[in-house]
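Undergrad: Top to bottom, those sequences are chains F and R.
Mapping of the first sequence onto the numbering used here: position 94 corresponds to residue 94, and the numbering continues sequentially without gaps.
Mapping of the second sequence onto the numbering used here: position 33 corresponds to residue 33, and the numbering continues sequentially without gaps.
Derived by calculation from the structure, the hints in this document are not laboratory data.
Note that the structure is predicted; figures quoted are calculated from it, not measured.
Possibly wrong hints are sitting among the right ones.
To be verified - DSS-like cross-link-like pairs, simulated, lysine-lysine; straight-line CA separation at most 27 angstroms:
{"id": "1", "chain 1": "R", "residue 1": "K41", "chain 2": "F", "residue 2": "K85"}
{"id": "2", "chain 1": "F", "residue 1": "K122", "chain 2": "R", "residue 2": "K41"}
{"id": "3", "chain 1": "R", "residue 1": "K114", "chain 2": "F", "residue 2": "K87"}
{"id": "4", "chain 1": "F", "residue 1": "K85", "chain 2": "R", "residue 2": "K114"}
{"id": "5", "chain 1": "R", "residue 1": "K208", "chain 2": "R", "residue 2": "K70"}
{"id": "6", "chain 1": "F", "residue 1": "K133", "chain 2": "R", "residue 2": "K41"}
{"id": "7", "chain 1": "F", "residue 1": "K52", "chain 2": "R", "residue 2": "K114"}
{"id": "8", "chain 1": "R", "residue 1": "K208", "chain 2": "F", "residue 2": "K87"}
{"id": "9", "chain 1": "F", "residue 1": "K133", "chain 2": "R", "residue 2": "K70"}
{"id": "10", "chain 1": "F", "residue 1": "K122", "chain 2": "R", "residue 2": "K208"}
{"id": "11", "chain 1": "R", "residue 1": "K70", "chain 2": "F", "residue 2": "K122"}
{"id": "12", "chain 1": "R", "residue 1": "K89", "chain 2": "F", "residue 2": "K138"}
{"id": "13", "chain 1": "R", "residue 1": "K41", "chain 2": "F", "residue 2": "K45"}
Read off the chains here:
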Amino acid sequence: MRVFAGSALVGVWAVLAAALPTVAISDPCPALAVGVHEVMAGTSKILISVAKATPLSEDEGSYSLAEAEARLEARRGLMNYLSPKLKQAQLSGLVDVSVCRSNGEVFATLQLDEANVRRAAKMQDMIRESLTKNPTPKP
Amino acid sequence: MKKSIISIAILALPMIAHGAGCEDYPYSDGISAEDVAGGTKILATATASVSFDDADSVRDAKDEATLLAKAAISKFLTESISSDEAINKAVNETKSMTGAGKAAVRKEVIERVKTLRNSSQALLRGVVPLGDCYTKGSEVRVSVGLKPETINAAGNLAGGITDSVASQPTPTSGAMAPATAAPTPAPSGTVRTPSQGVDSHSNTERLKNF
């Protein structure tokens with residue numbers, strides 16, 4: 001009986017230990033208010049755009065659509081912030097940071113980092129230079 | 001003591017079996033860029049869902065995830081965004097007459113159409129597959145990467161092929177005899193063996209060295 005009680009205790013601890021990684025301290029959703037925020041990281045400027053969308057119904061498909069809408073809305077918000085009334089723009093170095101759900105709404109966070117813009121431009125130059133110098137052979 | 005060891009082993013067993021899929025995969029969907037010697041290293045990861053636990057479905061999902069990951073790199077390099085809004089207003093008016101009098105019903109319909117679009121198109125060179133994982137019957141995740149070394153390697157290879165073809169052109173006609181062996185037809189009435197499921201797996205070896 002004692003052995004059984006001991007093994008049961010070990011079993012309970014094992015279940016708790018197994019469940020622990022799945023119980024993470026949840027971050028607030030969204031981490032920043034809806035809109036565009038300007039943050040300085042050293043000498044580099046970071047723009048963070050947060051947008052929300054409401055799913056039409058409670059099913060997973062509607063939530064997926066709302067996530068896509070929120071991501072696009074975050075892009076539109078950023079574009080409007082950079083140049084109001086602009087209907088079309090080309091941006092480099094955009095990174096979708098997160099998408100989260102809260103109170104039946106979906107929030108997307110998009111980041112435009114000056115450092116990433118430089119990185120994207122540099123990689124584009126490298127690829128362009130490589131393709132010009134050694135074009136892919138054609139039949 | 002023996003019993004407690006057995007109980008731990010029994011509890012830990014499902015975790016070990018489950019961990020072989022995408023549970024332990026080090027990257028989730030998204031893109032990361034960091035500076036390395038001579039340029040930038042870009043790593044993109046994407047996921048595609050698998051409808052059936054079947055080798056063909058897993059292969060299709062892997063192709064889809066690879067394309068999505070490459071598209072993420074293309075979008076990182078340049079992304080076009082367009083936004084448009086339109087308002088359509090329509091009036092619907094109906095009149096009806098009864099013995100008591102005339103009545104009119106007027107309905108206004110306002111339709112607000114919002115169009116948001118993002119797109120990207122790029123010619124990539126030097127993108128290499130780095131790792132993938134599969135969770136049985138659920139999802140396939142693929143990581144691809146791009147760095148100065150891989151771009152240079154692809155460029156050198158393309159240059160090497162161009163030089164080789166220029167110095168020793170491949171014969172194009174008359175040199176080869178046509179193949180005579182016809183493909184063997186499958187015997188009629190053959191019963192195809194049912195497709196085998198694919199076990200969960202995680203391949204991260206190249207990710208570690210990238």
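Undergrad: For each hint, tell me whether it holds in the structure or not.
TA: Against the structure, the hints come out as follows:
| no. | hint | verdict |
| --- | --- | --- |
| 1 | K41/R with K85/F | 35 angstroms, violated |
| 2 | K122/F with K41/R | 11 angstroms, holds |
| 3 | K114/R with K87/F | 12 angstroms, holds |
| 4 | K85/F with K114/R | 15 angstroms, holds |
| 5 | K208/R with K70/R | 19 angstroms, holds |
| 6 | K133/F with K41/R | 21 angstroms, holds |
| 7 | K52/F with K114/R | 15 angstroms, holds |
| 8 | K208/R with K87/F | 42 angstroms, violated |
| 9 | K133/F with K70/R | 23 angstroms, holds |
| 10 | K122/F with K208/R | 24 angstroms, holds |
| 11 | K70/R with K122/F | 18 angstroms, holds |
| 12 | K89/R with K138/F | 54 angstroms, violated |
| 13 | K41/R with K45/F | 21 angstroms, holds |
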